[in-house]
Amino acid sequence: MYTDKVMDHFSNPRNVGEIEKASGVGEVGNAKCGDIMRIYLDVEDNIIKDIKFKTFGCGAAIATSSMVTEMVKGKTIDEALEVTNKAVAKALGGLPPAKMHCSNLAADALHKAIEDYKKKLKSDSYN
Amino acid sequence: MRRVYMDHSATTPVRSEVAQLVTGYFTETFGNASSVHAYGREARKGVENAREQIASLIKAKPEEIFFTSGGTEADNMAIIGTVMANRDKGKHIITTQIEHHAVLDTCKYLEGQGFEVTYLPVDDYANIDIGQLKAAIREDTILISIMHVNNEVGTILPIKEIGQIAKEKNIFLHVDAVQSFGKIPIDVNEMNIDLLSASGHKIYAPKGIGCLYLRKGIKLSPLFFGGSQERKRRPGTENVPGIVGFGLSAELAGKEMEVEIIRLTGLRDKLINGILEKIPESQLNGNRTNRLPGHVNVSLRYIEGESLLLMLDMKGIAASSGSACTSGSLDPSHVLMAMGICHEVAHGSLRLTLGKISTEEDINYVLEVLPEIVEKLRSMSPLFNSMEIDNREECSTCTLTK
Ligand SMILES: Cc1ncc(COP(=O)(O)O)c(C=O)c1O
Ligand code: FES
Chain A
1 MYTDKVMDHF
11 SNPRNVGEIE
21 KASGVGEVGN
31 AKCGDIMRIY
41 LDVEDNIIKD
51 IKFKTFGCGA
61 AIATSSMVTE
71 MVKGKTIDEA
81 LEVTNKAVAK
91 ALGGLPPAKM
101 HCSNLAADAL
111 HKAIEDYKKK
121 LKSDSYN
Chain B
1 MRRVYMDHSA
11 TTPVRSEVAQ
21 LVTGYFTETF
31 GNASSVHAYG
41 REARKGVENA
51 REQIASLIKA
61 KPEEIFFTSG
71 GTEADNMAII
81 GTVMANRDKG
91 KHIITTQIEH
101 HAVLDTCKYL
111 EGQGFEVTYL
121 PVDDYANIDI
131 GQLKAAIRED
141 TILISIMHVN
151 NEVGTILPIK
161 EIGQIAKEKN
171 IFLHVDAVQS
181 FGKIPIDVNE
191 MNIDLLSASG
201 HKIYAPKGIG
211 CLYLRKGIKL
221 SPLFFGGSQE
231 RKRRPGTENV
241 PGIVGFGLSA
251 ELAGKEMEVE
261 IIRLTGLRDK
271 LINGILEKIP
281 ESQLNGNRTN
291 RLPGHVNVSL
301 RYIEGESLLL
311 MLDMKGIAAS
321 SGSACTSGSL
331 DPSHVLMAMG
341 ICHEVAHGSL
351 RLTLGKISTE
361 EDINYVLEVL
371 PEIVEKLRSM
381 SPLFNSMEID
391 NREECSTCTL
401 TK
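Respectively, the protein sequence lines represent chains A and B. For the first sequence, my numbering begins at 1 and goes up steadily by one. For the second sequence, my numbering begins at 1 and goes up steadily by one.
In short, the hints are calculated from the structure, not lab data. Among the hints, erroneous ones may be present.
To be verified - Okay, the calculated bits of chain B under chain A, using three or more residues with CB under 8 Å as the criterion: (1) 318-325; (2) 340-348.
Stated by the list, open to error - Using C-beta positions, here's what the derived DEER-type ranges look like: (3) A/Asp78 x B/Pro121: 50 to 58 Å; (4) B/Gly131 x A/Lys119: 25 to 33 Å; (5) B/Gly328 x A/Ala87: 24 to 32 Å.
For every residue, glycine included, the Cβ atom is placed at its ideal position computed from N, Cα and C.
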């Protein structure tokens, strides 16, 4: 049911964990099936220096989380904003149809983390 | 790699005695049981012998057994057949919220046909309240359909008490015994059961064979029309190999039942105790003792069932889960929901069901592998690091359904 790529990211997830004093944190949850994805960013000079995730969910939820971290590590914020849920699924060689909507939220979590980062930047500049 | 099958409630392997017998009925004793020639007569003999084997396991008469394509068909036939034949007497059906979909969806269908259905709620242990059953009975109630053992959590329902009530009120009682048939004792007379569904593939017979027990004298409208097989209750050329296999497996199940109950209860309790001891924040779903021998269902908090199943599978362990993510519909198990278990805990449910091929070594292996997997998944879970006791309160108020 899952591609080899999905199984690879599921069984050896990249970048699991948390970042202390993260530049930005983003979390999405799926009300229907109850999964939660959280992404932590460490941004320096507009570049994602480090990224970590924690996910409560199915194999696809873990694999997409892992994949999105791999896709944007070292990239600029603008490049990261261009990554879509669809692109993550594609990079994994596709997901089963039932999982396309439920578990494919990793890019959303990433974008939320970036939003959080931008908000923090703004409030910092006021201080 | 070591492989451990712990999903006997889903299906079982065909036991070798049965496989051997069935093969003979495919290749040699292949006649149509309705034919007059020797081939036909031999096949007929096999079918009637199986009918006796099955009847004797539940203390029924052979002529009260009707072969079907499995548990689903038997459930459909029992419920639709009874209410259609008795619609002049009433239109009300009583069942429970925790039935298999073969019963629930049949009842839903009948609601669309003008029947009315009461779905009895259950308590934390997936058991019904007899008082609520009595209160639900109406003047126009024609059928009570309640399962003997729940397939997801293993709870044994009080069929004898229910049968007593049904008998007093003159209401037909159908029992979905797919999970209990051949595993724990059933006596259709002592329990006052009027109709009962059973399935072969849960007791080491092939898939696609089952039967309906129909108490003599009860009217039943057929679902199928055609030949005169199964006394017109279920037309269609008999699945002779399946039937003889089912018959033998039922006979062997009866002979081995007493010993198997003791053995599987011991293994089950060892597994339950081991999990609860070794894995913090784990809970047993269902009752500790009032459950099918060999049936374990636990929830391991902060992790999700499908990822758990995938990791167990990588270690050779086959199990199942009531998590929304494994259901296809992305809804969590209706049984766990009916028990008032919150979404998050239902998400981390794991069903391990033992059977003939299960050994003590299997249990030890699972107890060795499972805690490591749970730890790995928890280390990835955003819910786990904030693991404080007040978290639990949050959960109990979150998505509670009752
Ligand atoms: C309680 C219950 N009823 C009915 C069925 C359906 O039986 P079958 O697979 O033979 O159609 C099952 C099997 O999963 C079951 O567990
Ligand atoms: S987390 Fe529920 S289906 Fe993916």
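- Could you tell me which of the numbered hints above are not met by this structure, giving the numbers in increasing order? 4
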